[in-house]
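Make a model of the complete structure from these sequences and hints.
Chain residues, written in single-letter form:
Number of protein chains: 2
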Amino acid sequence: MDRNQFMRAAIALAEKNVAEGTGGPFGAVIVRNGEIIGEGTNRVTSANDPTAHAEVVAIRNACEKLGTYNLAGCEVYTSCEPCPMCLSAIYWARLDRIFYGNTKADAAEIDFDDAFLYTEIPKPISERTIPTKQILHDESIKAFRAWAVSEDKIPY
Amino acid sequence: MDRNQFMRAAIALAEKNVAEGTGGPFGAVIVRNGEIIGEGTNRVTSANDPTAHAEVVAIRNACEKLGTYNLAGCEVYTSCEPCPMCLSAIYWARLDRIFYGNTKADAAEIDFDDAFLYTEIPKPISERTIPTKQILHDESIKAFRAWAVSEDKIPY
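So the protein sequences, as listed, match chains B and R. Residues in the first sequence are numbered consecutively from 1189, following the numbering used here. Residues in the second sequence are numbered consecutively from 1189, following the numbering used here.
Just so you know, the hints here were simulated from the structure itself, not pulled from any lab data. The structure displayed is predicted, hence computed values, not measured ones. Mixed in with the good hints, there may be bad ones.
[To be verified] These stretches of chain B come out as covered by chain R in the derived footprint (C-beta under 8 Å, 3 or more residues): (1) 1226 to 1236; (2) 1243 to 1250; (3) 1255 to 1261; (4) 1329 to 1336.
[Stated by the list, open to error] With a Cα cut of at most 25 Å, we get these calculated DSS-like pairs of lysine-lysine: (5) R/1204 <-> R/1292; (6) B/1204 <-> B/1253; (7) R/1341 <-> R/1292; (8) B/1341 <-> R/1253; (9) B/1253 <-> R/1330; (10) R/1330 <-> R/1253.
[Said to hold, decoys possible] Label-pair restraints from in silico Cβ distances: (11) R/1333 <-> B/1191: 42 to 50 Å; (12) R/1321 <-> B/1192: 44 to 52 Å; (13) R/1252 <-> B/1255: 20 to 28 Å; (14) B/1221 <-> R/1323: 45 to 53 Å; (15) R/1222 <-> B/1190: 51 to 59 Å; (16) B/1320 <-> R/1322: 32 to 40 Å; (17) B/1342 <-> R/1222: 23 to 31 Å; (18) R/1191 <-> B/1342: 27 to 35 Å; (19) R/1261 <-> B/1296: 25 to 33 Å; (20) R/1222 <-> B/1321: 45 to 53 Å; (21) B/1319 <-> R/1326: 47 to 55 Å; (22) B/1200 <-> R/1261: 35 to 43 Å.
For every residue, glycine included, the Cβ atom is placed at its ideal position computed from N, Cα and C.
So, in structure tokens, the structure goes:
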């Protein structure tokens, strides 16, 4: 699998989450040696866990599978630019690289504006050595659009 | 119970965590209406979860107990100033107020310097409306000192 395919896996998780009504339109996968070894979706409202953002859930999942708290050597593909909590979690987990699809501005447009209005990604984190790249924005945005027209949505 | 007693409960959790070798010298409690309704210690290494900082564990514990993802009306007492991940988690959990004991500089002195060297608490978060107050520093620092002389410590 290549980068685009990993991002598509993250996007598919986001879309599935919306379709199943289990949370917001966010999905993430953790990749090591060209293989997906962890995945997550936003489960804040369905799991009653405000820390259950897609990236955090994916990190926990990968760590559980690998039996480690250190994901050095792994990359995260997330359907949206990480919020400060997730970015810091990525930092603590020692992930090598971040790929994201949608931007926080896209999230704000579908009412996930809360953290995005009040927070900025901490400069010393964003400027340090986690290479970060946006890919497949045109495909990522579809999950957000699906959310925007879904019913009973709670933007957490 | 008053503020000092809640902070002492957080400090006691931190000290117990060191004594039992289950993680770093960090403890936190969530309080609602004068009652502790959630608690947590750093379980990064023992639970293989890089997101299992004391505050995150306490938030998850409180949310599970209350059956909600929204802790508005609650306060967090943490034995150390929250890292950016925890501060953002506190933000997402809608906690009303933060009390902390040790500072990030204290943490750096006992080798938890990693996030503290590279990160700063995001200004737009730290300047917004979560009132934050340091109390009982002289008692909080004891858990850090106990850690500093403990064996087999892993500063995660």
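Now the hints, each set against the structure:
1. Restraint check on the region 1226 to 1236 of chain B versus chain R: 4 residues with Cβ-Cβ distances below 8 Å, three needed, restraint holds.
2. With a threshold of 8 Å between beta carbons, the proposed coverage of the region 1243 to 1250 of chain B by chain R holds, since 3 of its residues qualify and at least three are required.
3. Counting residues of the region 1255 to 1261 of chain B whose CB lies closer than 8 Å to any CB of chain R gives 5, which reaches the minimum of 3, so the coverage claim holds.
4. Counting residues of the region 1329 to 1336 of chain B whose CB lies closer than 8 Å to any CB of chain R gives 0, so the stated coverage by that chain is violated, three being the minimum.
5. The suggested pairing of residue 1204 of chain R with residue 1292 of chain R holds, with an alpha-carbon distance near 20 Å, which does not exceed 25 Å.
6. Under the criterion of a C-alpha separation no larger than 25 Å, the hint pairing residue 1204 of chain B with residue 1253 of chain B is consistent with the structure, at around 22 Å.
7. For the given pair, residue 1341 of chain R sits about 18 Å from residue 1292 of chain R by alpha-carbon distance, which is consistent with the 25 Å threshold.
8. Restraint check: the Cα-Cα separation between residue 1341 of chain B and residue 1253 of chain R comes to about 24 Å, which is no more than 25 Å; the hinted pair holds.
9. Distance check on the hinted pair: residue 1253 of chain B and residue 1330 of chain R sit about 36 Å apart at the alpha-carbon level, beyond 25 Å; violated.
10. Restraint check: the Cα-Cα separation between residue 1330 of chain R and residue 1253 of chain R comes to about 30 Å, which exceeds 25 Å; the hinted pair is violated.
11. Judged by the Cβ atoms, the range 42 to 50 Å given for residue 1333 of chain R and residue 1191 of chain B holds: they are separated by roughly 47 Å.
12. Under the hint 44 to 52 Å, the C-beta atoms of residue 1321 of chain R and residue 1192 of chain B, about 48 Å apart, fit the expected range.
13. In this structure, residue 1252 of chain R and residue 1255 of chain B meet the distance hint of 20 to 28 Å, their C-beta atoms being roughly 24 Å apart.
14. A C-beta distance of roughly 48 Å is found between residue 1221 of chain B and residue 1323 of chain R, which places it inside the suggested range of 45 to 53 Å.
15. The given range of 51 to 59 Å is respected by residue 1222 of chain R and residue 1190 of chain B, whose C-beta atoms sit roughly 56 Å from each other.
16. The hint said 32 to 40 Å for the Cβ distance between residue 1320 of chain B and residue 1322 of chain R, and at roughly 33 Å that hint holds.
17. For residue 1342 of chain B and residue 1222 of chain R, the Cβ-Cβ distance of about 29 Å falls inside the hinted range of 23 to 31 Å, so the restraint holds.
18. For residue 1191 of chain R and residue 1342 of chain B, the Cβ-Cβ distance of about 33 Å falls inside the hinted range of 27 to 35 Å, so the restraint holds.
19. The given range of 25 to 33 Å is respected by residue 1261 of chain R and residue 1296 of chain B, whose C-beta atoms sit roughly 26 Å from each other.
20. Checking the proposed 45 to 53 Å range against residue 1222 of chain R and residue 1321 of chain B shows it holds: the Cβ atoms sit about 49 Å from each other.
21. For the hinted restraint 47 to 55 Å between residue 1319 of chain B and residue 1326 of chain R, the CB-CB distance of approximately 43 Å leaves it violated.
22. In this structure the hint that residue 1200 of chain B and residue 1261 of chain R lie 35 to 43 Å apart at CB holds, the actual value being about 37 Å.
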